[in-house]
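Student: Put the two chains together into one complex, using the hints given.
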Amino acid sequence: MTPQLPRLLRLAAFVAVAVVAAPLFSLLWRIPWSELPRLLSTEVVVDALFLSLVTSLVAALLALLIGIPIAFQLSRMTGISASTLRAVATLPMVLPPVVGGAALLFAFGRRGLIGETLDNAAGLVLPYTPAGVVIANAFVATPFVVLTVESGLRALDPRYELAAASLGASPLRSTLRVVLPMIRSSIVAGAFLAWARALGEFGATITFAGNVPGRTQTLPLAVFVAMEADRDAALAMSLVLVFISLIVLVCLRDRWWPAK
Amino acid sequence: MNDQLKLLLEGRIVVERGPFKLDAEVNVKQAEIVALMGPNGAGKTTLLEAILGWLPLADGQVLLDGQTLEVHGENRTVPTHEREIGMVFQDGLLFPHLNVMRNIEFGTGSSSTHVSELLEPLEITNLVDRYPEELSAGQRQRVALARTLATAPKLVLLDEPLGALDVTGRVIARKLIGNVLRSNGAGALVVTHDPADAFALADRILVLEGGRVTQCAPPDQIRTRPATKWVAELVGWNFFEGDGNGSLVELADGVEIATAHRGLDGPVAVTINPTAVALYTQEPTGSPRNSWHCHVESIEFVADVARVSLVGPFAISADVTRAAVAELGIDTGSAVWASLKATEVGIQPLQG
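Those sequence lines, one after another, are chains E and W. If you're matching positions, the first sequence starts at 1 in the working numbering and goes up one per residue. If you're matching positions, the second sequence starts at 1 in the working numbering and goes up one per residue.
Pulled out of the complex, with its shape left as it was, chain W reads as follows (with noise of 0.2 Å):
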């Protein structure tokens, strides 16, 4: 959707730091809200980290504005406090010797026309005289962004911005950061472990595993079309790996699932939407080509919907109604038909 923007930041980072090495491009255009996600020790912050300055990159180049901020290997690097990219910290890390205000307008030259802008929307107004100690969790990180918004940053950075939160207040934060952000219009680059945050906040998902990017799509491909096995995990899809065989996928264990695709050879990674999985007491008629027999391992209810987790020839999960498990008469240990239709699975190629 905002493809005929141009970019703001552009960047190839490498940083390796003892085993460990982060190698990921990273994008972002005006006035893009860019989620980052992934497991624990990704390398997540030391990408932010790396964005802003204070690591040195082991290959590659950070640009903003077209302008190079960085480029390995050679020395007119801008210093971070010169970068024009603000940083909000997953515990807001204000200044405890300075009042709201006064943190708000560290990074402000004189005008603070625009710091009395800021405190309304993130409501905030009536905190000003307060010392950080005093504050919330959830108004730390108010306070944290306005005072990272109150310098005008080119490009935001915010490293789990709604982590300290309880589930209210992470809700309207959510809400809260989400509104000032768009009519900032400075680009952002959010990290999250929560796909609530990323689906309700970000324009694209850029997916960190192991120090590589492992997916960089919209919320709609990343929760259709999940790429690795994480994040298959994450939008709650079924996800395997097998050796495709014409319009066959053959998975490690010994299932066969067939496919609606032609020409299937070698590794590929198979998708399957759980709410595509049909659940019935009796071997199903007609006898679609994907039907296992299995038995229920766990349901777990999320609102209206039961998530059937199911084992037999392979763990698969199934999204049903509560009204269907009540129809079915199925507990935890009954023995159910799984079936899915061709059309259903889908097929990726598999990641290195």
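Okay, chain E solo, but in the shape it has when bound (with noise of 0.2 Å):
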């Protein structure tokens, strides 16, 4: 049986839950039930809502790509060289989206220190187009999948490697038949954060990939636009939003931290 936790303590997270909660129901309780099919089927919104979903997946994707060989890398470090890694890897989890949007422009624009030869080599330009929303949701998603591949291995008895080996698996062989079938949970579990983090994108979208609706304007930014403009069209995106990002938490309670 677990023991029974002082009043105090109880009432203290009653109070914190209602405040946390409060904004959420307050959103619930304003949206116009009866109008959402004809809100959610405007073509602003069905754009912006594709839009959405198709960039975030692909985003969540080069999250992974990007993010499991770093991962890999900084498992098998230690000391002031894993630090320094691992905080230039996660620095756009904590960096304001603005300034990683910036960042990517002076990367990736026209005139910037990769975009540049991109452009004058196959004609490739990312600002302001679909590419570009990938790559902002990417910059910004890949630290979470880099986090919870690496806790993973990490956790991961480095003796299976050995066992492998010693039954004649090749480094790439015992990789991809152990090790990763062995840490799928973590991986799972850092494209679905990805996932979730590359749909609520704003800041750097905004930035680097501008806000053209039908091209680069995610669902975020259209509830941005939508509030000045129409405020149910904007509830009714939000609560889309609401919805998935619960539906990811929910199906992820087991395994973003350990639950019994």
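These aren't lab readings, by the way, just hints derived from the structure by calculation. You may find that some hints are simply not true.
As the list claims (entries may be wrong) - Pulled a few chain E residues facing chain W out of the computed Cβ check, cut under 8 Å:
1) ARG159
2) TYR160
3) LEU162
4) ALA163
5) ALA165
6) SER166
7) LEU167
8) GLY168
9) ALA169
10) SER170
11) VAL178
12) PRO181
13) MET182
Glycine included, each C-beta is placed from N, C-alpha and C at the ideal position.
Tutor: See below:
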């Protein structure tokens, strides 16, 4: 049996939950439920929803592709070098997204360090395109993959790799057949968190990819614009985002923090 | 008994880990089972991991079947997965996401004929569809052995293969593992804590203490000529260090032991089989030169044998029959005379 909490602590928890839930409740309270079908089927909303879903999913895949190798490298490092690399790799998580977007412009913009070469060599232009939305989303989402996968790798008994090697498995085969399957729950958790973060991305997206309806205007951007013009539409789109986020968090309950 | 067989594993393994230094010669012949014993922290697992190439050598070399796997200071080190050395871990370390069959087939190429031949003798045929978490410790251990043997390694390393098992499981698994290892024909190096395992399985026992080999001999010789205090305690023998002087050995606590040896000089180790220590309630007549007046500190019965621990001029153990204890009428605290023939006293040079 779990020991009972002190009454004062239970009271504090109750008040805290009320404070946290108040904005969410207010949002739900103001939603024009009967108008929902019409509000959610306008062209701007459908375009934004579609763009958000596609770019956030692609961004999550990109985050896995970038984050997993970084996590593997980090899991083999110790001391100051590990802390430094981890800080660099997870910086986008704490950086103001606008700064991240600006940094992306300096890197991948037309006059950017890499962007100019890309443009000259392949005619590839990223800013203010859907691909730019993906880049911005992946940039802020990757740290979630790095952190969850690294913690999964660190929790894995390294002797499993020794066992695989003693059975004749090359390091590559051992990684693919033993390590990756054994940390799959960390990878899934990282992917979900990255996706959820990408779905809600605002600052880096608007800075790097702009706010062109039907092209780079994602759901959060559309909500921001609608707050000025059409409150009801903003509420309806907010509901969609709340709903998706809640589903992700409920699905992740056992993976993001070890629950019983 | 295997002297005519050629060496399979030849190694001098030097590994440094902080203040701990392992420096051990280890040889295993074709089809030989060598038990690796030693106190905790002696470097047994480190030795296995170095043979596998998981830890770099600070000095020395490893050769398997005439092929050089690693020489300190040379670059051509054969990586672990190409060494053809299999390892069975204490807890089996089966891959939890694969069922038993897939675990066993993990290291085999496409040929699975060899695999089916392993299932029967290890009694795991009906477990092939299960997952590791559904197996008992003993079953996991046998699957782990099958998984390793399925790759047909030249040498098998086993780290406490029976450590996780209860007494009954141990006896069964020991027999199965022994049979399979013997029919397999590869060499094996088995780490174990239990002398019963070592004596039942091994052709030779290698004793590692504090990173160094202190004894390497067939089980019979380990049993009758323990070279160190640790080995002596392991096999239940009395072991004393003292100064030799002619045919006498003087122990640190002043006790003199008469031996049948001559010309003793300097530090020596004395080993005494506890069954050679005779007990009397009266001072022995004809006064053998080695007799001491002692008190019984404790009596422990194992099957029909009573291990009588004595304190007096020095501490010594005697093994007598259960009947003899009743006949002598001794109990904890009783006064007895312990006597020992000079010819029963073993003398060995003291290990560094």
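Student: Would you mind marking each hint as holding or not holding in the structure?
Tutor: Results for each hint:
no., hint, result
1, ARG159, "holds, 6 Å"
2, TYR160, "holds, 6 Å"
3, LEU162, "holds, 5 Å"
4, ALA163, "holds, 5 Å"
5, ALA165, "holds, 4 Å"
6, SER166, "holds, 4 Å"
7, LEU167, "holds, 3 Å"
8, GLY168, "holds, 5 Å"
9, ALA169, "holds, 6 Å"
10, SER170, "holds, 5 Å"
11, VAL178, "holds, 6 Å"
12, PRO181, "holds, 5 Å"
13, MET182, "holds, 6 Å"
The structure meets every hint from the earlier list without exception.
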